[in-house]
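These protein sequences, in sequence, are chains Y and X.
Each residue of the first sequence is one higher than the one before, starting from 1 at the first, in UniProt numbering.
Each residue of the second sequence is one higher than the one before, starting from 1 at the first, in UniProt numbering.
Misleading hints may appear alongside valid ones.
As the list claims (entries may be wrong) - Part of the chain Y face toward chain X, derived, beta carbon under 7 angstroms:
no., residue
1, G85
2, P87
3, F89
4, I90
5, F93
6, F94
7, F97
8, L98
9, H186
10, L190
11, Y223
12, A227
13, F230
Read the hints as simulated data drawn from the structure, not as lab findings.
Note that the coordinates shown come from a computational prediction; the quantities given were computed from them, not determined experimentally.
All C-beta atoms, glycine included, are put in the ideal place defined by N, C-alpha and C.
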Amino acid sequence: MECWDTIAAYGLRSLGIGERLLPRADFTLCQQFTLIGSGMIWNVYFGVLALCSGFFLATAVAMGKAARNPWLRKPSEWFIFLFRGSPLFIQFFFAYFLFLSLKGAYPFFSPLTSAWAGALVVLILNTAAYSGEIFYGALQSIPKGDIEAADAYGLSGWSRFTRVIWPTMLRLAWPAYTNEAIFLFHATALVFFSGFPALQQKGDALYYANYFADKTFNPFVPYPILAGYFILLTLIVISIFGLINRRLNRHLPQDRRAKLRIRPAIIR
Amino acid sequence: MSIYWAVGTVLLLLAITAPTALAFGFGGAAAARSPIAPLRWFGKTYIAIVRGIPDIAFFLFFVIALDQAFEYLRHKFKCPDWDQPIRQGSDFVVCEAAKLPLGNAPQWLHETYGFFLAVLTFAIVFGAFAANVLFGAMRAVPRGQLETAEAYGMSQRQTFWRVLVPQMWVYALPGLSNLWMVLIKATPLLFLLGVEDIVYWARELGGSKTERFTDYPHGDWRMWYFLALLVFYLCFTKLSEVVLDRIMSRLTHGQATAAGEAQRKAAA
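Based on the sequences and whatever the hints tell you, model everything.
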C-alpha cells in the first residue's frame with residue numbers, strides 16, 4: 001500500500017473515520033507515523049479545550065484564594081490543595097468510577113463516562129488548580145504602586161480589575177503559565193491509560209504507540225515517533241505563548257521586557 | 001491483604017528510587033559541568049532528553065527497552081554461536097540461557113525482576129529531572145565563592161567537592177522538594193509497568209466479579225477505593241510538605257540568602 005493510501009485510510013482513524021481494523025501484521029513506518037499522528041488529534045483536543053476553559057476557572061480560583069472573605073477563600077484553597085496534592089492518574093480513575101456510578105443513578109451523566117467529556121472535565125479542574133496557584137502567586141506580587149496608581153486614577157471595582165490587576169497578573173504569571181500549558185499537553189497522554197476506555201480503538205497518540213510497541217515488541221520505533229510529535233507540539237505551544245507574552249509586555253520599554261525564556265523547569 | 005503489601009511496594013519504590021535518582025542526577029549534573037567535551041555532551045543530552053516528552057511515554061518505553069537491552073547483552077555473552085537474527089519479524093528471540101529471568105525461575109523472581117526494572121526506569125527518568133535541578137543549583141552558587149577557593153590554591157576537584165557541593169544544597173532544595181512531590185504523584189504509574197501496586201488492587205478488589213457492562217446498577221466499590229487512594233496521597237503530600245519545610249528552614253540557617261537573612265533578623 002502506498003503511503004498516501006495509508007494516510008487516507010488511517011489519518012482520521014482516532015476519530016473513527018476511515019479503515020475500521022488497525023493493521024495487524026507487517027507494520028510499515030508510514031502506518032506508525034500516520035496512526036500516532038492521528039492520535040495526536042485527541043491530545044491537541046484535550047489540551048486546547050482544557051487550557052481555554054481552565055484559564056477562566058483558574059482566574060476565579062486565584063481571586064477566590066486572594067479574597068478576604070473566608071467563604072470564598074477556604075473553598076478555593078481546598079480546591080487547589082485537592083488537585084495539586086493528588087496524582088492526576090488517581091484523579092482520572094476516581095472520576096471515571098464516580099461518573100460510572102452517577103450514570104447508574106442519573107442517565108444524564110452518561111456522556112461523562114466516555115473520555116471526550118469525562119477526561120476533559122478532570123483535565124479542566126486539574127489545570128485550573130495548578131494555574132490558579134500560579135495566578136495567585138502572581139496576584140501577590142503585583143507591585144503595590146500599580147494598584148495605588150489605579151486608585152489615584154479613580155478606578156475601582158471591576159474596571160480596576162480588568163484594566164490594571166488582571167493584565168499585570170497575567171504578565172507576571174505568563175512564564176510559569178507557559179510551563180503549565182506544556183505539562184497539560186503531556187498530561188493528556190494519560191487519559192486512555194486510566195480507566196477511560198478507548199472505544200473501537202479510538203485512542204490518543206500514546207495509545208497507538210503502545211499498540212505498536214505491544215504488537216511488534218520493538219519499542220525503538222513507535223516511542224521515538226511519539227516523542228517527535230510531542231516535541232513538535234511543545235515547540236508550537238512555546239511559540240504561541242511567546243507571541244502572547246510579547247503582547248502582554250508591549251507597553252514596557254524594550255530592554256525591560258521580560259523575555260519568555262523557557263527555562264524548561266520540567267517540574268510542574 | 002495484598003493491598004497492604006501494595007502500599008509497602010509503593011513506599012519501597014519511593015525509598016529506593018529517591019536516592020538512586022538523586023545519584024543519577026548528581027552524576028548527570030557533574031557530567032554536564034565537566035571540562036571534557038564528550039562527557040559534557042552526554043550530561044547535557046541526558047538532561048535535555050526528558051524535556052518536551054511526557055514522562056509516561058518514557059516509562060512505557062524504558063521498561064521494554066531495558067528488558068531487551070539486558071537480554072541482548074546476555075545473549076551476546078552467553079550464546080556467541082547463535083546464528084539466527086534476534087529480531088524475527090515481530091518477535092524478539094534470544095537463546096534460552098539468556099532469558100531474563102530464566103524460564104524456569106520461581107514466580108517471586110519474576111515479580112522482583114519487574115519491580116527492579118520499574119525502579120531503574122523511575123531512577124533514569126527522575127534522575128534527569130534531578131540533574132536539571134542540581135545543574136541549576138550548581139550555577140546558583142555565587143561565583144565569588146569559587147574564585148576564593150581558587151585563590152586559596154585548591155584544585156578543580158577540591159573546589160568542586162569542598163566548596164561547590166556543600167553550598168549548592170540550599171539552592172537545590174526547593175527544586176528537589178518539588179521533585180519529591182512529583183515523584184510521589186508518579187508512583188501510581190507503576191501500575192502501567194506491570195507491577196501489582198495499589199492501583200491494581202483497588203481495581204481488582206473494588207470491581208464486582210461478573211462485570212460485563214459499564215452500567216451495572218451497584219456493587220461497584222472501585223470509586224471508594226480510589227477515593228481512599230486519593231486521600232492517602234493527599235495526606236502523604238501534606239506530610240512531605242511539612243517535613244520539607246523543616247529541612248529548608250534548617251538548611252537556610254546561616255546562609256547568605258534572603259530567607260537566611262530573614263531568619264537572622266527574626267532571631268535577633
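Results for each hint:
1. G85: holds, 4 angstroms
2. P87: holds, 4 angstroms
3. F89: Hint holds; Y/F89 Cβ to chain X Cβ min 4 angstroms, cut 7 angstroms.
4. I90: Given a least distance of 5 angstroms, the restraint on Y/I90 holds.
5. F93: holds, 5 angstroms
6. F94: holds, 4 angstroms
7. F97: holds, 4 angstroms
8. L98: holds, 5 angstroms
9. H186: holds, 4 angstroms
10. L190: Status holds, d = 6 angstroms.
11. Y223: Interface hint status for Y/Y223: holds (4 angstroms vs cutoff 7 angstroms).
12. A227: Since the shortest Cβ distance to chain X is 5 angstroms, the answer is holds.
13. F230: holds, 5 angstroms
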